[in-house]
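Protein sequences appear in the order of chains A and B.
So for the first sequence, my numbering puts the first residue at 4; every next one is plus one.
So for the second sequence, my numbering puts the first residue at 654; every next one is plus one.
Bear in mind the hints are in silico, worked out from the structure with no lab data behind them.
The beta carbon of each residue, even a glycine, is placed where N, CA and C say it ideally should be.
Possibly wrong hints are sitting among the right ones.
Residues of chain B clear of chain A, computed beta-carbon distances all greater than 12 Å [to be verified]:
1. Lys668
2. Ser674
3. Ser681
4. Ile702
5. Gly709
6. Tyr727
7. Thr737
8. Tyr769
9. Leu854
10. Arg879
11. Asp882
12. Pro889
13. Ser898
In silico DSSO-like pairs for lysine-lysine, Cα to Cα no more than 27 Å straight-line [unchecked claim]:
14. Lys79/A to Lys114/A
15. Lys159/A to Lys138/A
16. Lys839/B to Lys139/A
17. Lys107/A to Lys752/B
18. Lys79/A to Lys839/B
19. Lys79/A to Lys762/B
20. Lys107/A to Lys839/B
21. Lys839/B to Lys186/A
22. Lys752/B to Lys114/A
23. Lys42/A to Lys752/B
24. Lys114/A to Lys846/B
25. Lys159/A to Lys931/B
26. Lys756/B to Lys79/A
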Amino acid sequence: MHAHPIIETEQTQVVSPAIQPHIQIQDLNIHIDGHHILKNINLSLPNNSITSIIGPSGCGKTTLLKTLNRLIDDTKGVQVSGSVFVNGEDIYAPNAEVTHIRKKMGLLSQKPFPLPMSIYDNIAYGPRIHGTRNKKELNAIVETQLKNVGLWEEVKDRLDQSATRLSIGQQQRLCLARGLAVKPEIILGDESTSALDPISTQTIENLLVELKKDYTIVLVTHILRQARRVSDYIIFVYGGEILEFGKTEEVLLNPKHEITRQYVKGFIS
Amino acid sequence: MDNLKTRLFKEKVAKGFMQLSGMLVTGSLFFIIGTILYKGLPYLSWEMITQLPKGGFYMGKEGGILNAILGSLYLAGVATVLATIIGVPIALFLNIYIKTSSKLAQYSKLMFDILYGIPSIVYGAVGFTIMVYFGIRASLLGGIITITLLTIPIVVRTVDELIRTVPNDLKHVTLSLGATNWEVAKVFILHIKPGIFTAILLAFGRAIGDVAGVLLTTGFSDNLPRYIDEPAATLPLAIFFQLSSPIPEVQGRAYASALILTFIILIIVICTHILSSKQNKHKL
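All chains should be built: construct the whole structure from the sequences, respecting the hints.
As C-alpha cells, this is what we get:
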C-alpha cells in the first residue's frame, strides 16, 4: 500500500453526478492493523444505475465494497471512521442494526457459494429467515426469482436437488436469485464473474443491466472491458483514495488524472 | 539426467517408506484382531453377552459381562451426547461469533489443545475431586461427568477443524442475506454435518475405551447399572480385571470381552460411515 506514489489530488471532494444519492459515504477512513487502507472517501452513489469500482490489485476496492454492507466488521484489526448513509440512515451509527442493513444489500461474491441445501431451499432461505412461512408464497418467490435470472426452465424439474450439483454459471445465477429473494435495494458484486466462463459472464452482465432499473448496483471489477460494457459510472481507486469518479465514458476515454490514464491504457495493473 | 535419476530415486524411497508404514499399521491391526479372535473366540458365547457374571469378575468362569456391556454403552453414550451438546456450540462460538484471529479465540483453542492432550487419569483425579466435593460416590454419574470432560476437547477440536474448512465466503453470503450469527451457525452445521458424525465417533471411541478415567470415578459392579448413583461396570475395566486373574479361563474370557468391545466399536464405525455418506450430498 505504501509503495504507491503519493498523489496530490487537486479536487479534494469528488464531484458526484447530479442524481439523488442512494448510498452516501462521508469522510470514510479505514485502518487495518494500523495501515491506512481507505483514505477520506466522500462519495454519493447514483440510484438505479451500475457503478463499477476499478483499480489496481490491493488498492482497496473490495474493502470499499465491504464497508457498504459492513462485512468489513469481520476483518481482523479493522478500524472504521466516518459514515455511510443508506437512504439517509448511517449504517455505522452505534445503534445501527447490522442484520437489517445487510438485508438491504444483496451480495454476489467472487465465486458462487450455494448454501448446503436444495435449489428450492437456497432461494427460500432468505424469505424464510425473514418470516415467510407460507408454502404458496415461498413457491411463488422461488419461481419468480429463478425466472428473474433465467434459471427456471433449466431447474424447474429438479428443485429438490442439491444446489451444488449445478454448473458454476448456474450456481452464480442461483446466488443472484437467492440475494434478490430477500428484496434488497442494492446489489453488491465482488468480481462476481471472475470464476465464470465467457457465456455465463455475459448472462450475469446482461442480468445486472436489466436489474438496474429496480436496484442500485455496485460492482468491483478488475476487467476494464466489463466496467465499460455494463457500468454507467466508474470509480477509480488508487492507493486507498478515489482518484476519479464519473460517467463511464468520461473516466475511460477522458480521464482527468495521469494515473487513471495509465491504468486505463494498461500500464498499471 | 543425473538430476532426474536422483529425483526418481527420492520418489522411490518416499513411496517405499509410505508403503512400509502402511503395511506396518495394517499388519499390526490384523495382529491385534487376530490375537483377540484367536484367544477370545473359544470363550465367546451367548451367555457372555446376555448374562451377569457368576462367581465375581475376578474369579468367575461362568456367566457373562452384560453388566459391563450395558455400563459402557450407558456411560459412553450419555457422555458423548453431553460432550456433543456442549462441544459443538463452543466450536461454533469460537469461529462464528468472535473473530477467529481474536486473542480469546486463539487462547481458547490453545487451551483445548492442552486439554486434548491431558492423560485421562488426570481427568479421573479431577472427576474424583468434583465427586468428593458434591458427595457423590463412585457411580455411573461420576463416570459420566469425568468422561464428558474428557471428550469435550475432542469434540471441540474436531468440529473446529471442520469449521475451518468452510469457506469464509459462505459466512459472508449468508450474513448478506440478513442472517444472524445463529442462522449462519445453522448453515455451517448443515455444511459440516457429515464430519460431525466423525467427531462424535472419535469421542465415543475414546469414551468407551477409557480405563483410567473410570477407574476412580465409576467403580465396578457385578449388577446391572440400574441407577445413575450406583457403581457400574465398564468393558475396559472388566477386561483389566479378567486379565489380571490367575485362572486361564478367566483370562480367556478377557479376550472374549475385548472382542465384544471391538465389535461394538465396529458397529458404531459402520453406522457413522453410513450416516455421514448420506449427508454428503451438498458438499461444495
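Hint check:
Here Lys668/B stays apart from chain A, with its beta-carbon at least about 34 Å from theirs, past the 12 Å limit. For Ser674/B, the shortest C-beta to C-beta distance to chain A comes to about 35 Å, beyond the 12 Å cut-off, and the non-interface label holds. Listed as outside the interface, Ser681/B is consistent with that label: its C-beta sits roughly 38 Å from the nearest C-beta of chain A, beyond the 12 Å cut-off. Against chain A, the non-interface label of Ile702/B holds: every CB pair exceeds 12 Å, the least being about 40 Å.
Taking the minimum C-beta to C-beta distance to chain A, about 54 Å, the non-interface status of Gly709/B holds against the 12 Å cut. With a minimum CB-CB distance of about 34 Å to chain A, Tyr727/B clears the 12 Å threshold, and the non-interface call stands. The beta carbon of Thr737/B is kept farther than 12 Å from every beta carbon of chain A, the shortest such distance being approximately 20 Å. Here Tyr769/B stays apart from chain A, with its beta-carbon at least about 25 Å from theirs, past the 12 Å limit.
Listed as a non-interface residue, Leu854/B keeps its Cβ farther than 12 Å from every Cβ of chain A; the least gap is roughly 21 Å. Look at Arg879/B: its CB is around 43 Å from the nearest CB on chain A, clear of 12 Å, so calling it non-interface holds up. In this structure Asp882/B is separated from chain A by more than 12 Å, as the shortest Cβ-Cβ distance comes to about 43 Å. Once the 12 Å rule is applied to beta carbons, Pro889/B is consistent with being away from chain A; the minimum gap is 38 Å.
The Cβ of Ser898/B sits about 53 Å from the closest Cβ of chain A, beyond the 12 Å cut-off, so the non-interface label holds. Of the pairs offered as hints, the one joining Lys79/A and Lys114/A holds, with about 22 Å between alpha carbons and a cut-off of 27 Å not exceeded. Simply put, Lys159/A and Lys138/A have alpha-carbon atoms about 16 Å apart, close enough for the 27 Å limit, and the pair holds. At roughly 24 Å between alpha-carbon atoms, Lys839/B and Lys139/A fall within 27 Å of each other, so this suggested pair holds.
For the given pair, Lys107/A sits about 24 Å from Lys752/B by alpha-carbon distance, which is consistent with the 27 Å threshold. Straight-line distance between C-alpha atoms of Lys79/A and Lys839/B comes to about 23 Å, which keeps the hinted pair within the 27 Å bound. Restraint check for Lys79/A and Lys762/B: satisfied, since their Cα atoms lie roughly 17 Å apart, inside the 27 Å limit. Restraint check for Lys107/A and Lys839/B: satisfied, since their Cα atoms lie roughly 22 Å apart, inside the 27 Å limit.
A hinted pair counts as satisfied when its Cα atoms are at most 27 Å apart, and Lys839/B with Lys186/A qualifies at roughly 22 Å. In summary, the hint linking Lys752/B to Lys114/A is supported, as the alpha carbons are separated by about 22 Å, within the 27 Å threshold. The straight-line distance between the Cα atoms of Lys42/A and Lys752/B is roughly 25 Å, inside the 27 Å bound, and the hint therefore holds. For the suggested pair Lys114/A and Lys846/B, the alpha carbons sit about 22 Å apart, so the restraint of at most 27 Å is met.
Distance hint between Lys159/A and Lys931/B is fulfilled; the C-alpha atoms sit about 24 Å from each other, no more than 27 Å. The straight-line distance between the Cα atoms of Lys756/B and Lys79/A is roughly 11 Å, inside the 27 Å bound, and the hint therefore holds.
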